[in-house]
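There are 2 protein chains.
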Amino acid sequence: MATRIQVYEVGPRDGLQNEPHIVPTEGKLRLLGLLSDAGLTRIEATSLVSPKWIPPLADAEEVVAGLPAHSGTVYGVLVPNAQGLARLASARARAGAATSVEVAVFLSASESHNRKNLNRTVGETLRALEDLVPAALRQGLRVRGYVSTAFGCPYEGTVESERVAAIALRLVELGCYQVSLGDTIGVGTPNQVRVLLGRLLEQLKPEQLALHMHDTRGTALANVLAGLEAGLTTFDSAVGGLGGCPYAPGASGNLATEDLVYMLHGMGYETGIDWPLLIAAGELAQKLVGHPLPGKGLKAEIAARVLLAGRGPA
Amino acid sequence: MATRIQVYEVGPRDGLQNEPHIVPTEGKLRLLGLLSDAGLTRIEATSLVSPKWIPPLADAEEVVAGLPAHSGTVYGVLVPNAQGLARLASARARAGAATSVEVAVFLSASESHNRKNLNRTVGETLRALEDLVPAALRQGLRVRGYVSTAFGCPYEGTVESERVAAIALRLVELGCYQVSLGDTIGVGTPNQVRVLLGRLLEQLKPEQLALHMHDTRGTALANVLAGLEAGLTTFDSAVGGLGGCPYAPGASGNLATEDLVYMLHGMGYETGIDWPLLIAAGELAQKLVGHPLPGKGLKAEIAARVLLAGRGPA
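Line order of the protein sequences matches chains F and R.
What the first sequence shows, in my numbering, is residues 1 to 314, in sequence order.
What the second sequence shows, in my numbering, is residues 1 to 314, in sequence order.
Just chain F, same shape as in the assembly:
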């Protein structure tokens, strides 16, 4: 029997958050619905940070209230603090009863990036999570943790794997069911993945970890392959490669879901994802942001279709 791999779609949050164009709530909900229809069962929908911080996600409560109910799909929502958790609770009260939501909490492995993002030290953030994670669990919500800059920091460069591992282990201790290790600026290479996962898998089970690779230098799928070889079964990606790279305008950011799914299916893994519907979601995402997205699988599909159309009627 083929191994099942969980693709964790992050485009609607990590992608749109970094797009200059603000997509209307209705467009976001259409995209979320189409992604669910395509078989993506874990989708990061939005972020309840202050609307002032991230204007493209200022409609987070409207998005949560309008989440398309889809049996089997769980939507992730980033929650930075107790106010965010309260906003989530009131938005969920307006959402359909059948809608499943989980919480994502986040911090960076490097001090400079954490301070820039959260205006706190890593230690202060972890102490705040000692309250936030149990509070979410008490509401019956599962909690996923994110460690950004796990493979390198735009301000500090190298980030030691000991440091990343210690933070990830702490998130698990606090109650996160899974920790996603983020290559925020797309600098990681497979040996780094092996070293970090090797360290963490001495203490955790593979399903407690995920990789969130960016494809800024084209290494994302090679890093995923190193993760698969280490036994991991969850990988984050964004439809169309949505999001770009916040530190290098014009460069690629998130690993594209199409590229990840193409490789996984080609290797005989099961994902439950429908390829034509995934491509349709990628095309909708392009339309919503108003420009071509960097995902290669999506580009190849669209180009092949243009080529076939050019042949004219048979």
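If you're looking for bench data, these hints aren't it; they were derived computationally from the structure.
On a predicted model such as this, the values are computed, not experimentally measured, just so you know.
Be aware that one or more of the hints could be misleading.
Examples of chain R residues toward chain F, derived with CB under 7 angstroms [as the list claims (entries may be wrong)]:
1) T189
2) N191
3) L225
4) A251
5) K296
6) K299
7) A300
Some residues of chain F that are not near chain R, with every Cβ distance over 10 angstroms (derived) [as the list claims (entries may be wrong)]:
8) A97
9) L174
10) P206
11) L288
Just so you have them, the derived chain F footprint on chain R, three or more residues with Cβ under 8 angstroms [to be verified]:
12) 209-221
13) 262-269
Cβ atoms here follow ideal geometry from the backbone N, Cα and C, with glycine treated the same way.
Chain F is already provided as a structure; the job is to place chain R on it using the hints.
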């Protein structure tokens, strides 16, 4: 001691061949010189197929005659037949005595692609190579073989690894010092690489094989990683990802040299390649073809520089 990996640069031939814009000979020679300066010691320079077939390479003899002499750099030239070999001999007579050249011979693993490209069956092509390869060897030229569509064919789909392996082994028997396995349309995934290499490495040494991956669906570096794990030490790539995909206009083609070198250096391999000079070569290539190239490492470098410039004087 770090393992040395041979990057085989194919941009000036496989890249420019598929670019609609025809680059003047002088520009090609500047690019070849800069690539040599950057430490690329194997560079595929041009192709001596009929100028009518591939107008962008119609100046092949001028390129060979003008090749920048660079100790340690060997230039590869595609030679389709005896006329091509004769043209190579006369062009080499005009080149600098210090210029090293080797021959590349080529065919496809799939019948339809071979017929479309060479107007012959695979069997007919192999029989012609029974004369051509020894003829080149008698002139003191080393010969490299290429097997295109080794991971899939645009007309036939799947290509069986038995078939690819049989053709590659025959090229070695004929006298090719190395055979490069080409994923012409960028459909391969790591398990396919493992199966094909596993089969071939029962009979060949790793240095007798190379991988020539296209990044059409983002899988090129994952496939390279599978090749590294199998023990291979030579990988083809094109500066900037030059070349696009001939079967899908607008999509990516050749693996970008910057992306390959970034991953190799990140994993601790030695290539002898100077990163800033490689980036300079990528920028020159962009200028020569008159549009941005798809290579991600190149994009990330250029974007980071724009970002730094935006900060203004320190």
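Next item on the list: Would you settle whether the hint for K296/R is holds or violated, based on the nearest Cβ-Cβ distance to chain F being less than 7 angstroms?
Entry: holds, 4 angstroms
Item checked: Hint check: 7 angstroms Cβ-Cβ cutoff, A300/R to chain F -> Constraint on A300/R satisfied, holds at 4 angstroms.
Next item on the list: Determine whether the non-interface label on P206/F survives the test: each CB of chain R must be over 10 angstroms from its CB.
Entry: holds, 18 angstroms
Check: Do the numbers back the hint for A251/R, that is, is its least Cβ distance to chain F under 7 angstroms?
Finding: holds, 4 angstroms
Check: Are all beta-carbon distances from L288/F to chain R longer than 10 angstroms?
Finding: L288/F clear of chain R: closest Cβ-Cβ about 20 angstroms, beyond 10 angstroms.
Checklist line | Evaluation of the interface hint that places L225/R against chain F, nearest CB under 7 angstroms | finding: holds, 4 angstroms
Item checked: Three-residue Cβ test at 8 angstroms for the coverage of the segment 209-221 of chain R by chain F -> holds (count 7)
Next item on the list: For the hint on T189/R, just tell me whether its beta-carbon gets within less than 7 angstroms of chain F.
Entry: holds, 3 angstroms
Note to self: Quick check for students: does the CB of L174/F sit more than 10 angstroms from each CB in chain R?
What the structure shows: holds, 32 angstroms
Next item on the list: Would you check whether the claim that A97/F is not at the interface survives, using Cβ distances to chain R and the 10 angstroms cut-off?
Entry: holds, 39 angstroms
Item checked: Residue hint K299/R, partner chain F, criterion CB-CB below 7 angstroms -> Since the shortest Cβ distance to chain F is 5 angstroms, the answer is holds.
Item checked: Coverage assertion for the segment 262-269 of chain R with respect to chain F, Cβ distance below 8 angstroms, three residues required -> Coverage by chain F holds for the segment 262-269 of chain R (5 residues, Cβ < 8 angstroms).
Comparing the model with each numbered hint stated earlier shows that all of them hold.
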